[in-house]
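A.B. asks: Okay, here's what each chain looks like letter by letter:
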Amino acid sequence: MPVEDDLFEKLRLELRRGSLVLAVLGALKVERYGYTLRKVLADAGLEIEESALYPMLRRLETQGLLTSEWREEDKRNKRFYRLSPDGETLAAQLATEWRAINASLDTLL
Amino acid sequence: MDLIDRYLAAIGALTLQGQRQDILAELRDALMSRCEEKEAETGRPLTEDEVADVLRGFGHPLVVAARYGGQSYLVGPELYPLYLFCLKILLAIVAAIAVVTGVVTAALHPGNPGAGIGAAIGAFIPAALANVGALTIIAAIVQRQKVRPGFLTNWNPRELPKRLQRPVFRPQTRLDNIAGIIAQGVFVLWWTRALAVWIPYVSYVPLKAGQQLDLARAPIWDTLFWPVLALMLASIAVHALKLFGQKFRMAAHGLDLARNLAALVVLWVALQAGHWVTVSGRGMAADALAKVDYGVNLGLQIGLVVLTVVAVSLVLYDSWRLFRDQPRRLAPKPD
Numbered sequence: 002m003p004v005e006d007d008l009f010e011k012l013r014l015e016l017r018r019g020s021l022v023l024a025v026l027g028a029l030k031v032e033r034y035g036y037t038l039r040k041v042l043a044d045a046g047l048e049i050e051e052s053a054l055y056p057m058l059r060r061l062e063t064q065g066l067l068t069s070e071w072r073e074e075d076k077r078n079k080r081f082y083r084l085s086p087d088g089e090t091l092a093a094q095l096a097t098e099w100r101a102i103n104a105s106l107d108t109l110l
Numbered sequence: 011m012d013l014i015d016r017y018l019a020a021i022g023a024l025t026l027q028g029q030r031q032d033i034l035a036e037l038r039d040a041l042m043s044r045c046e047e048k049e050a051e052t053g054r055p056l057t058e059d060e061v062a063d064v065l066r067g068f069g070h071p072l073v074v075a076a077r078y079g080g081q082s083y084l085v086g087p088e089l090y091p092l093y094l095f096c097l098k099i100l101l102a103i104v105a106a107i108a109v110v111t112g113v114v115t116a117a118l119h120p121g122n123p124g125a126g127i128g129a130a131i132g133a134f135i136p137a138a139l140a141n142v143g144a145l146t147i148i149a150a151i152v153q154r155q156k157v158r159p160g161f162l163t164n165w166n167p168r169e170l171p172k173r174l175q176r177p178v179f180r181p182q183t184r185l186d187n188i189a190g191i192i193a194q195g196v197f198v199l200w201w202t203r204a205l206a207v208w209i210p211y212v213s214y215v216p217l218k219a220g221q222q223l224d225l226a227r228a229p230i231w232d233t234l235f236w237p238v239l240a241l242m243l244a245s246i247a248v249h250a251l252k253l254f255g256q257k258f259r260m261a262a263h264g265l266d267l268a269r270n271l272a273a274l275v276v277l278w279v280a281l282q283a284g285h286w287v288t289v290s291g292r293g294m295a296a297d298a299l300a301k302v303d304y305g306v307n308l309g310l311q312i313g314l315v316v317l318t319v320v321a322v323s324l325v326l327y328d329s330w331r332l333f334r335d336q337p338r339r340l341a342p343k344p345d
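Residue numbers (the numbering used here), protein chains in the order written: chain A, 2 to 110; chain B, 11 to 345.
Quick caveat, the hints were computed from the structure, so don't treat them as lab data.
Among the hints, erroneous ones may be present.
[Unchecked claim] DSSO-like mimics (lysine-lysine), calculated; alpha carbons at most 27 Å apart, straight line:
1. LYS11/A / LYS40/A
2. LYS48/B / LYS40/A
3. LYS98/B / LYS156/B
4. LYS48/B / LYS76/A
5. LYS11/A / LYS79/A
6. LYS48/B / LYS79/A
7. LYS40/A / LYS30/A
8. LYS172/B / LYS98/B
[Stated by the list, open to error] Label-pair ranges, simulated between beta-carbon atoms:
9. ALA102/B / THR68/A: 32 to 40 Å
10. LEU94/B / LEU12/A: 22 to 30 Å
11. ILE102/A / GLU51/B: 34 to 42 Å
12. LYS11/A / ALA19/B: 53 to 61 Å
13. GLU51/B / LYS11/A: 26 to 34 Å
14. TRP330/B / LEU12/A: 28 to 36 Å
15. THR68/A / GLU60/B: 29 to 37 Å
16. THR52/B / THR37/A: 17 to 25 Å
17. SER20/A / ALA105/B: 41 to 49 Å
18. GLN27/B / TRP71/A: 40 to 48 Å
19. ASN166/B / THR37/A: 49 to 57 Å
20. GLN29/B / LEU12/A: 31 to 39 Å
21. ILE102/A / PHE254/B: 26 to 34 Å
We put the CB at the ideal spot given by N, CA and C, even for glycine.
For reference, chain A alone in the conformation it holds in the complex:
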């Protein structure tokens, strides 16, 4: 019996949801503001809703993993984010974990 499309979509979203934080941390090794960050993620194949992205950025900043700064660019104030030193350490640890999970899964799939 073929897997139903909505079930596939639900599981796919669950799978991606856990990886989005790592993707955001990875993309913020370079300073970006929300809109460009979303575009970078989308270009990499990781679409994320803006209504989810901005609260996530705020949460990660509260957790001390990001720093932010308001600056004017293109005649508008924008909030730029980048990894904090703690964020860099954690991103590296998570990246190692991610690769280990990937390698383990590769042996099973």
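Dock chain B against chain A, hints included.
C.D. replies: Just chain B, lined up with the frame of chain A:
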């Protein structure tokens, strides 16, 4: 850009004051950037409908604001199984109380068939809502504590029961069924007057020399003679089927359910009579006889109500047991 202002105002009304300006400024920039991107694609300013589309794509203000609010659930996944378990137990207790209330009300108002249903619903809905609400509030409070209930984390597998047993109903043994057949056989013999085991004896009535008290079945039992006899024979048949073990298990459960349903009808008719034993005597004052008559019939009325509650419980239990025991359909084999 009136729509964007209104959209941001709606989100602002739902976010905490300390963060509001910061959040709204960032969202405004994101929305403006999105609109500019669209304008670059079309080469013209966006219409109001197109701006509305951009806002719809961003998300409802309630959803967006809620995502800034942190924890967005009342009971989290860690606590939810315990919450659900308690909820089921509470609702089962409330339902049982409502059923008893309904049956007792119905029995006490035989002329008004809707009274029992109304009383059951009236007892169930407010109690269920109050219990679900109270439990949810307690769970939400516990959810927001840093410390979780200790028994969820510090449980010991050695303290689990050695064998899962149904705590309420002890499985019937062969002896139970044989005893049931004998007891109901004696009742049938008495009921058909083949055996004179009726002793007209009321211990709490002090009888003096020359006084005699007789209790006789009221006319309602003549009306119900055959139905009661059929019920007793069906009970004997159920016990007999159970003696054969698993082979006739479904038949025994089905007959049990039918017998209990029929018993409900018989009890209903009996309760409507209002008088089940006729008291007569010699050498006693009329008011003394009337008191005895009243007391005995009141006792019987209470007994019949209790029997009705038991019969309703058995019907519910038998229905569930039949549903539980029905053969499950096997999954089709893959081609």
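A.B. asks: A separate judgement is required for each hint: does it hold in the structure or not?
C.D. replies: Evaluated hints:
Under the criterion of a C-alpha separation no larger than 27 Å, the hint pairing LYS11/A with LYS40/A is consistent with the structure, at around 23 Å. Restraint check for LYS48/B and LYS40/A: the C-alpha separation of about 14 Å stays at or below 27 Å, so the hint holds. For the proposed pair LYS98/B and LYS156/B, the alpha carbon gap of about 26 Å is at most 27 Å, so the pair holds. Distance hint between LYS48/B and LYS76/A is fulfilled; the C-alpha atoms sit about 18 Å from each other, no more than 27 Å.
Restraint check for LYS11/A and LYS79/A: not satisfied, since their Cα atoms lie roughly 34 Å apart, outside the 27 Å limit. Among the hinted pairs, LYS48/B with LYS79/A is consistent with the structure: their alpha-carbon atoms are about 19 Å apart, no more than 27 Å. Pair hint LYS40/A plus LYS30/A holds up; C-alpha atoms about 15 Å apart against a cutoff of 27 Å. The straight-line distance between the Cα atoms of LYS172/B and LYS98/B is roughly 24 Å, inside the 27 Å bound, and the hint therefore holds.
Checking the proposed 32 to 40 Å range against ALA102/B and THR68/A shows it is violated: the Cβ atoms sit about 54 Å from each other. Checked against the given bound of 22 to 30 Å, the beta carbons of LEU94/B and LEU12/A, roughly 23 Å apart, stay inside it. The hinted window of 34 to 42 Å between ILE102/A and GLU51/B holds, with their beta carbons roughly 38 Å apart. The hinted range of 53 to 61 Å is not satisfied by LYS11/A and ALA19/B, whose Cβ atoms lie roughly 34 Å apart.
Judged by the Cβ atoms, the range 26 to 34 Å given for GLU51/B and LYS11/A holds: they are separated by roughly 32 Å. At roughly 34 Å, the beta-carbon separation of TRP330/B and LEU12/A lies within the given 28 to 36 Å, and the hint holds. One distance hint, 29 to 37 Å for the beta-carbon pair THR68/A and GLU60/B, holds here, with the actual separation near 35 Å. Judged by the Cβ atoms, the range 17 to 25 Å given for THR52/B and THR37/A holds: they are separated by roughly 21 Å.
At about 45 Å, the beta-carbon gap between SER20/A and ALA105/B stays in the expected band of 41 to 49 Å. For GLN27/B and TRP71/A, the hinted distance range of 40 to 48 Å is not satisfied, since their beta carbons lie about 19 Å from each other. For ASN166/B paired with THR37/A, a C-beta distance near 54 Å keeps the hint of 49 to 57 Å intact. Range check, GLN29/B to LEU12/A: Cβ separation about 34 Å, and the 31 to 39 Å hint holds.
The given range of 26 to 34 Å is broken by ILE102/A and PHE254/B, whose C-beta atoms sit roughly 57 Å from each other.
This entry does not satisfy hints 5, 9, 12, 18, 21, going by the numbered hints stated previously.
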